[in-house]
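Those sequence lines, one after another, are chains Z and W.
Each residue of the first sequence is one higher than the one before, counting from 130 in our numbering.
Each residue of the second sequence is one higher than the one before, counting from 319 in our numbering.
Check the hints yourself; a few may be wrong.
Below, in silico cross-link-like pairs of lysine to aspartate or glutamate (EDC-like), each with a Cα-Cα straight-line distance of 20 Å or less [unchecked claim]: (1) W:K659 - W:E619; (2) W:K388 - W:D351; (3) Z:K347 - W:E391; (4) W:K392 - Z:D351; (5) Z:K260 - W:E412; (6) Z:K199 - W:E409; (7) W:K388 - W:E348.
It is worth saying that the hints were derived from the structure and are not from the lab.
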Amino acid sequence: MKLRRKVYMTAGYNTVSLGTGRMEFHPKKERPGIEHYIREAGQGTLSRIGGSKNVDESVIGNFMASRFNKQANLAAFIPYIDDGLLYKPAIRVEGACGTGGLSLVSGIRSVLAETAEVVLSLGVEVQNSVKAIYGADILAGAGWFRERKNGHAYFFPGQFSNRAGAYFEKFGREKTRRAFARWYRNAIENARLCPTAQEYHNTCRDLEALAMTEPNPKAFVDHLNVYDCSKVSDGASAIAIVSEEGLERIGIAKKDAVEIVCFAQIEGDITKQPADPTVLDTTKRVVEAAIQSAGISIHDLATIETHDCFTIAGILATEAIGFAKHGEGPDFVLEGNTARDGMIPFNTTGGLIGWGHPTGATGVHQAVTIWEQMTGCAGDAQIKITGEKPYGLTVNMGGDDKTLVAIIYKKS
Amino acid sequence: MNYADKFTNVTVLGAAGKMGSGILLLTAMEMTDLSLKPENRGKQFVINAVDVSSDALLGLMGYVRAQVLKAAEKKVVILRELYKERSDLIENGEIIGQYIDDVMLRIRPTLNLDTAFDSTLIFEAIKEDPKLKVQILSYINKNSKTIPWFFTNTSSIPIGELDADAGLGGKILGVHFYNPPAVQRLVEIIKGENTLDDLVNFAVMYSKNLRKVVVPSNDFAGFIGNGHFMRDALYGIREAEKLAEKRTLAHGIYMVNKITQDWLIRPMGIFQLIDYVGIDVCQYIMSVMDPYLPDEELHSELLDEMVTKQGISGGQNSDGSQKDGFLKYEKNRPVAVFDVKMKQYVPFSDIENECDDALGQPPASVKPWKSVIGEADKEDYFTRFFNEMKQTGSYGAELAMNYSNRSKEIGKKLVADGVAQNQEDVNAVLLTGFYHAYGPINNYLD
Numbered sequence: 130m131k132l133r134r135k136v137y138m139t140a141g142y143n144t145v146s147l148g149t150g151r152m153e154f155h156p157k158k159e160r161p162g163i164e165h166y167i168r169e170a171g172q173g174t175l176s177r178i179g180g181s182k183n184v185d186e187s188v189i190g191n192f193m194a195s196r197f198n199k200q201a202n203l204a205a206f207i208p209y210i211d212d213g214l215l216y217k218p219a220i221r222v223e224g225a226c227g228t229g230g231l232s233l234v235s236g237i238r239s240v241l242a243e244t245a246e247v248v249l250s251l252g253v254e255v256q257n258s259v260k261a262i263y264g265a266d267i268l269a270g271a272g273w274f275r276e277r278k279n280g281h282a283y284f285f286p287g288q289f290s291n292r293a294g295a296y297f298e299k300f301g302r303e304k305t306r307r308a309f310a311r312w313y314r315n316a317i318e319n320a321r322l323c324p325t326a327q328e329y330h331n332t333c334r335d336l337e338a339l340a341m342t343e344p345n346p347k348a349f350v351d352h353l354n355v356y357d358c359s360k361v362s363d364g365a366s367a368i369a370i371v372s373e374e375g376l377e378r379i380g381i382a383k384k385d386a387v388e389i390v391c392f393a394q395i396e397g398d399i400t401k402q403p404a405d406p407t408v409l410d411t412t413k414r415v416v417e418a419a420i421q422s423a424g425i426s427i428h429d430l431a432t433i434e435t436h437d438c439f440t441i442a443g444i445l446a447t448e449a450i451g452f453a454k455h456g457e458g459p460d461f462v463l464e465g466n467t468a469r470d471g472m473i474p475f476n477t478t479g480g481l482i483g484w485g486h487p488t489g490a491t492g493v494h495q496a497v498t499i500w501e502q503m504t505g506c507a508g509d510a511q512i513k514i515t516g517e518k519p520y521g522l523t524v525n526m527g528g529d530d531k532t533l534v535a536i537i538y539k540k541s
Numbered sequence: 319m320n321y322a323d324k325f326t327n328v329t330v331l332g333a334a335g336k337m338g339s340g341i342l343l344l345t346a347m348e349m350t351d352l353s354l355k356p357e358n359r360g361k362q363f364v365i366n367a368v369d370v371s372s373d374a375l376l377g378l379m380g381y382v383r384a385q386v387l388k389a390a391e392k393k394v395v396i397l398r399e400l401y402k403e404r405s406d407l408i409e410n411g412e413i414i415g416q417y418i419d420d421v422m423l424r425i426r427p428t429l430n431l432d433t434a435f436d437s438t439l440i441f442e443a444i445k446e447d448p449k450l451k452v453q454i455l456s457y458i459n460k461n462s463k464t465i466p467w468f469f470t471n472t473s474s475i476p477i478g479e480l481d482a483d484a485g486l487g488g489k490i491l492g493v494h495f496y497n498p499p500a501v502q503r504l505v506e507i508i509k510g511e512n513t514l515d516d517l518v519n520f521a522v523m524y525s526k527n528l529r530k531v532v533v534p535s536n537d538f539a540g541f542i543g544n545g546h547f548m549r550d551a552l553y554g555i556r557e558a559e560k561l562a563e564k565r566t567l568a569h570g571i572y573m574v575n576k577i578t579q580d581w582l583i584r585p586m587g588i589f590q591l592i593d594y595v596g597i598d599v600c601q602y603i604m605s606v607m608d609p610y611l612p613d614e615e616l617h618s619e620l621l622d623e624m625v626t627k628q629g630i631s632g633g634q635n636s637d638g639s640q641k642d643g644f645l646k647y648e649k650n651r652p653v654a655v656f657d658v659k660m661k662q663y664v665p666f667s668d669i670e671n672e673c674d675d676a677l678g679q680p681p682a683s684v685k686p687w688k689s690v691i692g693e694a695d696k697e698d699y700f701t702r703f704f705n706e707m708k709q710t711g712s713y714g715a716e717l718a719m720n721y722s723n724r725s726k727e728i729g730k731k732l733v734a735d736g737v738a739q740n741q742e743d744v745n746a747v748l749l750t751g752f753y754h755a756y757g758p759i760n761n762y763l764d
């Protein structure tokens, strides 16, 4: 199904994803607050689109600033980015870790509805304000609160550990764990090519050996170790969502933008457990909807940014997207298919495990990476995008496969 | 009486001190964990924190609260299980907060020694003064309303002596924690000649519940830990004094400290360790041990000189920072060494080139202790390292090998004299209690 008008994304910007792993991160030293990240990301995009005068609307995605930073009413920070945004429309959206995707979808809808030709879409999260053990409580808000009591101290690692355990039982532990380790290695090797990535400074020689560290259920969860988990990050990303007219207004050529072919956004029921923990059912449906709407096949995709909040989520995503049959995701990854030089490069700047996961920003970061790849400005992380496979896909997930956004992009 | 019942009423004597506060913290948490088990519901668990200083007791409660928070954050996975029946406690933060309250509610700070008359278990962590210990333990024992067990944290006084002099009838056991008890994994357990077996069995279970490494020591003054450390320290002092014959004592202290830290790859040099423990504490421990050692003299005039004449005793400030001793410290790092003759500190920069030249180059594979301690295959590393040292031929290598051999001799003598049951126990104490990267009894220089 074609969109009723052409929509593009351009002028993406990521701040550094700050947290453990980055050399400049010191837990005991004061760090920038949420307003700093909003401003930096916003100005990063504005500077490339001729300034705030060209922006009609803004949307800011954020998951839990109300708890992490004791700050709400985030739309009111938009004018803080630039005086030119004062008294212009802005909203805040939230969908747990799928927040960024919702920010993008909101912007796309404004352009489709013709209420805006140029939308500034941001995502931001500042999570290192609390220790991980308390951060786990805050992040657990992405799930149903009634289940928190019976959940693990580290709630979401616990949820995905359960998925991993079910997968081990059904399809085997050893190979699956090796696939986790390979996913981790791919993530870090990609992150090392991206200066804003949280794992950019990682110098570990044998990444797979490290990632094979046995899980320690006494201190963490049963089936995952810390290398299986995405980072705790402070960061923001921004991108401009524009119509054709908007592109002209901001003076950017189509070759420097990426076209939005279509999007799909669906919700699972947060009160329900997955029917089969070895399947990301909602992810499968949203990708199917997007691919069908685009009128392409997954084999037309050049690259994918998927939501690897945990290595198991990455493996399951290869199956949900359709590259591997149920139970064969580990083989698919171990054969090198998802590496940056593989058949279908995944997460070319590191994904959530390597680049980082500032929860409200991730979805926008995914779009920025696709835009960078498709317009040839990904720096050292650049992969080859050919005319044969001109499409990209982002899959942004909130909660345990509940809030899903899939967007298909095309090289202009 | 089962394990949990022994904790119905507990007293820690010297609770506000360095060791007492740690013992109080660990025991209060153990008692709270027991109280949360379904089978112990309704039982009382009270711990009296007895000290002579009211101000110190105030500080103690703040210390305990801060430490319980740290501990609770580390063991929140376990705490969620312990509090699983509490439907009102959902988030980690709520559970941690409740645990802190539950631990603090158990503690009763008091200046009144008589509170101990109700206790079935008494931890003694007061000053290392045999007469004072005997006086207090015997007073409690005579007036107790129950049958108290005494766990003494003495690091040097034979348990049998305390038992006999205080008339405790075998109800005393040495349970020697290392400093600080909250962090240090080692506990030495010392049975006196008449100590009842029940105390030993209980103490082992208690220590293991605290996830400590338990090493039995026989009842000889100093036990294993101080038995090795005091003699090792004396050797270091004497080596420094020998080196001073050709240079100054400041040079000698610098060189021996450097050898023991950098060439023997220890966490700190021997003089820095003496400063850390306290020059006065080392002097005192030696004076307590010495009467029990007819065949050797455990005494140093240099320690006397520093403490009595110079008024320099090392140890820590109340904020945990290192006080000046043999070495001067800036931000806890040694920067100068005390010159006894000049009665002032000489900056390292004034003497280090000369000393380092005299020592020569260490073996090529030398690494700092920090790098080595986490390595999986340390044995392989040290075999190579000491082989290289044997071939180095430098003066520093000679001093280091002599020091290592002497350290090994001290260890072996502890076994030969029956202080330690075996070489593994000696090594365990130095590895766990002193954070050495390798035990003193080894074959690296054979």
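Would the pair W:K659 and W:E619 pass a check requiring their Cα atoms to be no farther apart than 20 Å?
14 Å, holds
Hey, Z:K260 versus W:E412, does the alpha-carbon distance stay inside 20 Å?
14 Å, holds
Holds or violated: Z:K347 and W:E391, Cα atoms, limit 20 Å.
Judged against 20 Å, a Cα distance of about 13 Å means the pair holds.
Can you confirm whether the C-alpha distance between W:K392 and Z:D351 stays at or below 20 Å?
Measuring from Cα to Cα gives roughly 17 Å; hence the hint holds.
Measure nothing beyond the straight line between the CA atoms of W:K388 and W:E348; if it is 20 Å or shorter, mark the hint as holding.
Since the Cα atoms of W:K388 and W:E348 sit roughly 15 Å apart, the hinted pair holds (cutoff 20 Å).
Are the Cα positions of Z:K199 and W:E409 separated by 20 Å at most?
17 Å, holds
CA of W:K388 to CA of W:D351, is that 20 Å or under?
15 Å, holds
When held up to the earlier numbered hints, the structure conflicts with none and fits them all.
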